[in-house]
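Fit chain V to the supplied structure of chain A, relying on the hints for placement.
Protein chains: 2
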Amino acid sequence: MDPRLAPVAVDAMGGDFAPEAVVHGGYNAARKGLPVLLIGDEARVRAELARHAGWESLPITLRHASEVVEMADHPGQAMRRKKDNSIRVCFEAVKRGDACAMVSAGNSGAVMAGGIFVLGRLPAVERPAICSVLPAVKGRPLLLDMGANVDCKPVHLVQFALMGEVYARRVFGVARPKVAILSNGEEESKGTDLTRAAAAALRRSGLDFRGYCEGRDLLAGEFDVMVTDGFTGNVALKTMEGTARAVTDLLKQSLMESWRTKLGALIARPAFARVKKHVDWREIGGAPLVGVDGVGIITHGRSDALAVENAVRRAHDAAAAHCTGEIAAAAARAEALLAEGEPPACVR
Amino acid sequence: MDPRLAPVAVDAMGGDFAPEAVVHGGYNAARKGLPVLLIGDEARVRAELARHAGWESLPITLRHASEVVEMADHPGQAMRRKKDNSIRVCFEAVKRGDACAMVSAGNSGAVMAGGIFVLGRLPAVERPAICSVLPAVKGRPLLLDMGANVDCKPVHLVQFALMGEVYARRVFGVARPKVAILSNGEEESKGTDLTRAAAAALRRSGLDFRGYCEGRDLLAGEFDVMVTDGFTGNVALKTMEGTARAVTDLLKQSLMESWRTKLGALIARPAFARVKKHVDWREIGGAPLVGVDGVGIITHGRSDALAVENAVRRAHDAAAAHCTGEIAAAAARAEALLAEGEPPACVR
Chain A
1 MDPRLAPVAV
11 DAMGGDFAPE
21 AVVHGGYNAA
31 RKGLPVLLIG
41 DEARVRAELA
51 RHAGWESLPI
61 TLRHASEVVE
71 MADHPGQAMR
81 RKKDNSIRVC
91 FEAVKRGDAC
101 AMVSAGNSGA
111 VMAGGIFVLG
121 RLPAVERPAI
131 CSVLPAVKGR
141 PLLLDMGANV
151 DCKPVHLVQF
161 ALMGEVYARR
171 VFGVARPKVA
181 ILSNGEEESK
191 GTDLTRAAAA
201 ALRRSGLDFR
211 GYCEGRDLLA
221 GEFDVMVTDG
231 FTGNVALKTM
241 EGTARAVTDL
251 LKQSLMESWR
261 TKLGALIARP
271 AFARVKKHVD
281 WREIGGAPLV
291 GVDGVGIITH
301 GRSDALAVEN
311 AVRRAHDAAA
321 AHCTGEIAAA
331 AARAEALLAE
341 GEPPACVR
Chain V
1 MDPRLAPVAV
11 DAMGGDFAPE
21 AVVHGGYNAA
31 RKGLPVLLIG
41 DEARVRAELA
51 RHAGWESLPI
61 TLRHASEVVE
71 MADHPGQAMR
81 RKKDNSIRVC
91 FEAVKRGDAC
101 AMVSAGNSGA
111 VMAGGIFVLG
121 RLPAVERPAI
131 CSVLPAVKGR
141 PLLLDMGANV
151 DCKPVHLVQF
161 ALMGEVYARR
171 VFGVARPKVA
181 ILSNGEEESK
191 GTDLTRAAAA
201 ALRRSGLDFR
211 GYCEGRDLLA
221 GEFDVMVTDG
231 FTGNVALKTM
241 EGTARAVTDL
251 LKQSLMESWR
261 TKLGALIARP
271 AFARVKKHVD
281 WREIGGAPLV
291 GVDGVGIITH
301 GRSDALAVEN
311 AVRRAHDAAA
321 AHCTGEIAAA
331 AARAEALLAE
341 GEPPACVR
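Chains as they are written, first to last, in the numbering used here: chain A, 1 to 348; chain V, 1 to 348.
One or more hints might be untrue.
Chain copies aren't distinguished; within one or between two, either way the pair holds.
In silico BS3-like cross-links for lysine-lysine, where the CA-CA straight-line distance does not exceed 25 Å [what the hints assert, rightly or not]:
(1) K82 / K190
(2) K95 / K82
(3) K190 / K178
(4) K178 / K153
(5) K262 / K277
(6) K262 / K138
(7) K262 / K276
(8) K277 / K252
(9) K95 / K83
(10) K276 / K138
Read the hints as simulated data drawn from the structure, not as lab findings.
Given the structure is predicted, the values throughout are model-derived calculations rather than measurements.
Isolated chain A (complex conformation):
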């Protein structure tokens, strides 16, 4: 951990198991030397902290926020009307420099809205994206956008690629990230008007752009950054979750069918546990917001203490990479890359 950094602001009220699981996760992070600023209903947060021995000697600070964004709340309205909501107070702590980053397991639309509302978009960024980190067979590829932007234009896809490349390089330490656009086939002739325009611009970008990838590449680990519109990204992400669950359910069912296979499963248990840990979203550390002026991480609504602790670590690492300026500079290239491919005005 970087001792020069301010603590990570943690939305103690966000998620299905808040504040209990969130406070517990923050406490565990602090025990490992990562300073946290817990934000939420102070009495409830204190009551939760009281259950953890010796928290007073850890790098844990508190800040009160009197309101909570519910899952059913409209993100934009919640940010405007509930002025003292815990998500907004987290972002304000980042804005003021009291925190180096924020983490929330709450309403993900509201976290995105709060990031844009309080921190603001980076200068050239048209649409910040939610960046999913995938549990691939090898590596941890990024998929942008996972659902914030349903209708996309070429400039958005190009910016997702440019920003994701910086993130993969600076936060995940991939020396030269391989970038691709998710499409319905590898050939250049495939795709839509949207993907073809974005691909043409990225071929001129100087990135290690590999053209189109397909759904089957998402978890293979051959690419480091894959971009798509938020509709397709959301469908793909949930399809991965559903397929992993279907295969696991079928296997469990099948292993329980006879005495023999039950025994085999018992003996092979360490292997199942390893796979489970590898694909466990709680180990991933959440999905960063990319394109806002600061670091925010969205974690799963069902986050437990382990998921929160890992998200705090990821947030801290992202802040320590100090790459917001580089992301802004990368995004600013998109318009020019797209314009280069257009015929001169006199020919149009």
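Just chain V now, kept in the frame of chain A:
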């Protein structure tokens, strides 16, 4: 099998392992009483048949086709320029009534083009679809379109739903198919202009329409017919394939890591085999073309004899259902369903 039906025309030249695997699969189907008409280079087909004892006494007939559509061929051009290609000759056999249906493991774009070119679209159908049959935890749900139509309008999605519902009911025997549109969330407010317009029309359709489903529902078996544009459908299908493979690969790797887990895997082997069979695409019987005037089934390019045999059975069952007229009648309802939701002309 239905003794009144003509044989199934099988494209003996299509697929990575043609003609060997295809002829073998046709032979196996014929041994089980399903008549086949093998279409392709007659000398090569006869040479393959000669390897299978007693084929002369089975319901196998041959028809020569002098040309082959290659995987790299442009589908439409191949249909026009290679007039005697095996895919086209298969469809012509269906058109004339010499075959009840056709099966091909060849260039899937060319199979779609051949179906439209030779059989024609059903009267009201704007875009025939490729209908994927999914190996769900329970049942065999349909996903349309899996890639034929990248850019879709609401009328296409509505027709996919109306046609798929007939197919699920008449060919798969689902009494009242549950129909949904694939989207980025279950709430009505989610989706795109495309999905919202299609959903509004389907709510008026009298089908058992359940609104939006998500990627995680594809293999859960809660819905019988799920519709989406061909771009998203193709990404979702390949994401399922890739995820199933990633989970399987991780598990295999992990099981091989120690003596203990190797032993467990050996003992539990029957359970792994059952799961493998359940998700085996070769058991699925291929993807039907829906919306052309006749029955065509596209099977995987890597089809072996088992895959071809199952596709012949599926093609025979689809022909025996005699539901082409009902599919046409269903598709014809789409425009009116969409128009009902529009304000009267004087208000616009």
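Results for each hint:
Proximity of K82 to K190 under the C-alpha cut-off of 25 Å is restricted to the inter-copy arrangement: shortest distance 23 Å between copies versus 46 Å within a copy. Taking the shortest alpha-carbon separations for K95 and K82, only the intra-copy value of 18 Å comes in at or below 25 Å, while the best inter-copy value is 66 Å. In the homo-oligomer, the alpha carbons of K190 and K178 lie at most 25 Å apart inside one protomer (20 Å), although the nearest pairing across protomers, at 32 Å, exceeds that limit. In this assembly of identical chains, K178 and K153 lie within 25 Å of each other by CA distance solely inside one copy; the values are 22 Å within and 34 Å between copies.
Taking the shortest Cα distances, K262 and K277 sit within 25 Å of each other both inside one copy (21 Å) and across copies (19 Å). With identical chains, the CA atoms of K262 and K138 are at most 25 Å apart between copies only, with a shortest distance of 22 Å across copies and 30 Å within one. In this assembly of identical chains, the alpha carbons of K262 and K276 lie at most 25 Å apart whether taken from the same copy (18 Å) or from different copies (17 Å). For the homomeric pair K277 and K252, the shortest alpha-carbon distances inside one copy (16 Å) and between copies (15 Å) are both at most 25 Å.
Taking CA atoms no more than 25 Å apart as the test, K95 paired with K83 passes inside one copy only; the shortest distance there is 15 Å, against 69 Å between copies. With identical chains, the CA atoms of K276 and K138 are at most 25 Å apart both within one copy (15 Å) and between copies (23 Å).
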